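Asker: Protein chains in written order, with the numbering used here: chain A, 1233 to 1568; chain B, 1233 to 1568.
If you're looking for bench data, these hints aren't it; they were derived computationally from the structure.
There may be inaccurate statements among the hints.
Copies of one chain are not kept apart here, so a pair can be met inside one copy or by any two copies together.
As the list claims (entries may be wrong) - 25 Å max Cα-Cα, derived DSS-like pairs, lysine-lysine:
1) K1381 to K1247
2) K1381 to K1292
3) K1340 to K1469
4) K1247 to K1340
5) K1366 to K1292
6) K1247 to K1366
7) K1539 to K1469
8) K1247 to K1469
9) K1381 to K1469
These figures come from a predicted structure and were not determined experimentally.
There are 2 protein chains.
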Amino acid sequence: MNGEYIQLGHGSGGKMSQELIASIMLPAFSNNILAELHDGARITIHDTRLAFTTDSFIVKPLFFPGGDIGKLAVCGTVNDLAAAGAVPQYLSAAFIIEEGFPIWQLQKIVQSLQAAAQEAGVVIVTGDTKVVEKGAADGLYINTAGIGKQLDAVTIATAGVRPGQDIILSGYLGDHALAVMAERYGVMLPQTVSSDCAPLNGLVLDMLTAVPQISMLRDPTRGGVATALNEIAGQAKVGILLEEAAIPLRPEVAAVCELLGFDPLYLANEGKMLAFVDAEFTRRLLSVMHRHRYGGDARVIGRVTGKNPGLVGLRTRLGGVRLLDMRAADPLPRIC
Amino acid sequence: MNGEYIQLGHGSGGKMSQELIASIMLPAFSNNILAELHDGARITIHDTRLAFTTDSFIVKPLFFPGGDIGKLAVCGTVNDLAAAGAVPQYLSAAFIIEEGFPIWQLQKIVQSLQAAAQEAGVVIVTGDTKVVEKGAADGLYINTAGIGKQLDAVTIATAGVRPGQDIILSGYLGDHALAVMAERYGVMLPQTVSSDCAPLNGLVLDMLTAVPQISMLRDPTRGGVATALNEIAGQAKVGILLEEAAIPLRPEVAAVCELLGFDPLYLANEGKMLAFVDAEFTRRLLSVMHRHRYGGDARVIGRVTGKNPGLVGLRTRLGGVRLLDMRAADPLPRIC
């Protein structure tokens, strides 16, 4: 990659992101914890098992139906910790603000960040504020990092993913990406389409308490469900087969995607969770999820198979199988 | 502050920063840990006492004599943890990169970040890479967050600062700010002036091992020694009197400051530590510091007094006392 330049796709969470991380970041930072490539790093300090994660938020525009960059900055980090099998506890919040940014907007964002932190039950304990000249940032960027305590008797790792397991998705796809896209480009969408941005740690705690045998969790943000499952299939060396008819998709989201040429399986979500579990626990897990406000539409969307390791397929309504490959970049950049 | 706009000074670490944090951030995030306003938050998880901190780095230019944004991003966070009385262990690294950024430069920055992490003995365990359009960031910004284990039998807090204590500074002032300024504006400086950017956790561990009674530590970055001491004097409700003749200042730095109108006491350092200690321990502390590569020029620069609580004075070489007040903003923005 030397002699080349950064492109938007390097931040998409897709194949270009993977290549950048594999060729530049991993060789330099080489260590076992980072190499797991899980969004939440598992660390141990003084016999206490923690999870630690970070995310920068560059969403454009800053305000969108269903949320804003402040809410997103909390939910993104809280959900990464939850997906690592941890109970999120403490967050940092660091702001890079452009000169000339209206303080009332900052105040609104900060209040929404705090409201999300309260809902998630986490505390913002440290922060930083930097200001750059007008034109040197696009309004405001936020970074959050988070620490959580790993749950005992729970092991979330791709190593536990094996053929026969069910893949459960907690609800409808594509809402976040479409809501941000519509706000950015001035597209009119049905009022029912707004960001699903939500802290999922409560849902995940209920899930892991009822079924500690869950082997893998992942929140399908940048790159969507298809990219998340490709990563897991590749790391676990298993095949994945989804059932198109089982994928929870609102008719209006399906219609907008059809119209604009988006595949909802590649669109970012900010309030959804994927879970891998042995089929014997599926019924118990679904019943727990259905009782939670963020899991009411949970269902099994597919299965882990022993065939075609590393590949993700979609059995279409017509009965054929379509390959869901890893895309180079994201059709909608700056979605989170 | 409503109806107003963000200005560069709001990111200076000076009075405008304080006002922004006091009027917007603290009321929203209101909690005891954040309210301590220490750069490293002290938290407890499962009986393990940790420190947690975050910093975004927006230094301009990205490369400067003595370091670059990668080295800075590690040292800044490591030093905040050390100043909280903790042993830094794990860091996150999150990049916001502008489209078109040369990948060889990213590689250089990442390698320098890792070299600093290795020197400091910390591990980069989690990260994030976002890309924004050309013009939406100034090359590249880095956020690091860090976790450390608090040392037992050590309590670093402004509550322990009291009249009679000595104030020790670990070395020469102003090098970092001048090196960055010279590179940014194309000013020729003597080759001896380069950034002091360094991880100080080894030095601080030696200091706290020898003298666990140290009551306060602070790395004087944005706003320099004068701003750091103003914050401490205000929080501890004590007076501080510095001796101009005792302040370690290279003649060439003094000359450049005189020429350009900078006060070195307000310039950012990235490899210096301030320590407050009862006078009976001063000799032992200095002898330990003098044996460390980053503390060779340590000396007592002043004293805590019971007079003029909240104020910092400088006894000049002529014998008068000059007030070192808290400035509204920084003369050199984007220094870290």
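Asker: Between K1247 and K1469, at a C-alpha cutoff of 25 Å, which is it: within one copy, between copies, both, or neither?
Answerer: Cα proximity of K1247 and K1469: one copy only (17 Å, versus 56 Å across).
Asker: Up to 25 Å between alpha-carbons, please classify K1340 paired with K1469: within, between, both or neither.
Answerer: neither (45 Å within a copy, 33 Å between copies)
Asker: Give the relationship of K1247 and K1366 under a CA distance limit of 25 Å: within one copy only, between copies only, both, or neither.
Answerer: between (33 Å within a copy, 21 Å between copies)
Asker: Is it within, between, both, or neither for K1381 and K1292, if the alpha carbons may be no more than 25 Å apart?
Answerer: neither (32 Å within a copy, 37 Å between copies)
Asker: Please sort K1381 with K1247 into within, between, both or neither, judging by C-alpha distance up to 25 Å.
Answerer: neither (31 Å within a copy, 37 Å between copies)
Asker: With identical chains, the pair K1381 and K1469 could be close in the same copy or across copies; at 25 Å between alpha carbons, which is it: within, between, both, or neither?
Answerer: neither (29 Å within a copy, 37 Å between copies)
Asker: Go through the copies and call it for K1247 and K1340: within, between, both or neither, with a Cα cutoff of 25 Å.
Answerer: Answer is between: at 22 Å across copies they meet the 25 Å cutoff, but 35 Å inside does not.
Asker: My question is about K1366 and K1292: at a cut-off of 25 Å on alpha-carbon distance, are they close within one copy, between copies, both, or neither?
Answerer: Classified as both; 17 Å inside a copy, 14 Å across copies.
Asker: 25 Å Cα cut-off: does K1539 pair with K1469 within a copy, between copies, both or neither?
Answerer: within (10 Å within a copy, 70 Å between copies)
In terms of the numbered hints stated before, the structure departs from hints 1, 2, 3, 9, listed from lowest to highest.
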